[in-house]
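*Asks:* Sequence:
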Amino acid sequence: MIVDRQDTEKPLGSERVWRLLLELRRAVRTLSAAPGSFGLGLDAGQPAVLSADDPAAFIAVSADGFWTAKVPMSETAAELLDLYLSVALACRSRPLTVAHLGQSLDGRIATANGASCPINGPENLTHLHRMRALCDAIMVGAGTVECDDPQLTTRRVGGPHPVRVVLDPRRRLAAGYGLFQDRTAPTLLVCDEALADRPGPGHAGVIGIPRDGDRLDLPEIVRRLHERGLFGIFIEGGGLTVSAFLQADLLDRLQIAVAPLIIGSGRLGVTLPAIEDLSQGLRPRHRRYAMGEDVLFDCRLRS
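Last residue of the sequence shown? That's 1398 in our numbering, and every number before it is there in order.
One should not assume that every hint holds.
[What the hints assert, rightly or not] What follows is a set of in silico ranges between Cβ atoms, one per label pair, in the way DEER data are often shown:
#1 D1201 to A1343: 25 to 31 Å
#2 G1376 to R1318: 45 to 51 Å
#3 N1208 to E1170: 39 to 45 Å
#4 G1140 to R1378: 43 to 49 Å
#5 G1216 to R1323: 31 to 37 Å
What the hints contain is simulated information worked out from the structure, not anything from laboratory work.
Computed from a prediction, not measured in an experiment: that's the story for all the values here.
All C-beta atoms in this analysis are idealised placements derived from N, C-alpha and C, irrespective of residue type, glycine included.
Given only the sequences and the hints, what does the whole structure look like? Please build it.
*Replies:* Here it is, written out as structure tokens:
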């Protein structure tokens, strides 16, 4: 075991912590259950998951997910651990579903015709790519594909590409969108089971899901993804898709990035059934993170 103590005398920076998080993600995905207490550090000079009392461990993590730094750490590195540690730990015994929306001060995620770039700044875009790298699957609705033709890859950070999942119940999307044509990452189209008998668009696979009233059975979608070993699910939009999963109580966390922008009209972010009293609203535990000019509200909907 090799530990560069001269290097650890300097505050542990965000780049090193990001490498440790990626190694944790890789290691946890090979296990049948989330590890108990453990350490993150160097083994033979490479990022590794170690025992909590190993002298090479820079960071000790308890069985309930709280962490303690054993060496000096920068403020930005500490924020990375607070924000991403539970995502890196997603596995069969500890599945995690997180949704994200970027919106204006007045709660709009796009103009009326769907224009949404850029509402948030580059720091939040980097955050999205980090979430993609740590999760197993990234999910969007058909409307997001129509408006943005997104790649849904991790171009801004180091780390693996997630499986791309597109919810298209009526199969209205044409095959020409980029994520159906490139082979950068596996792509799945989720649709009404009555329409699942024909091949997917481009290189995409198809998952048929039964309907639950006027929408697809959302718990069944999550179950099918878990069956494929996709236990860290990141729902990146749009507003209707995120709202549907929130209403169905399928989210463990909801992240909303608010930009200092007033649009005044356009598409709303979260939309839920009407309530009569504010006591019926959701007031989740949360932390706020500054991301450039934006503020990210990371809401914990479950313990």
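*Asks:* Now tell me if each hint is right for this structure.
*Replies:* Hints and how they fare:
1. Distance hint for D1201 and A1343: a CB-CB separation of about 26 Å, consistent with the stated range 25 to 31 Å.
2. Checked against the given bound of 45 to 51 Å, the beta carbons of G1376 and R1318, roughly 29 Å apart, lie outside it.
3. Against the hinted window of 39 to 45 Å, the Cβ-Cβ separation of N1208 and E1170 comes to about 40 Å, which satisfies the hint.
4. As the Cβ distance of G1140 to R1378 is approximately 46 Å, the hint placing it in 43 to 49 Å holds.
5. For G1216 and R1323, the hinted distance range of 31 to 37 Å is satisfied, since their beta carbons lie about 34 Å from each other.
In this structure, only the earlier hint numbered 2 is contradicted, and the remaining ones agree with it.
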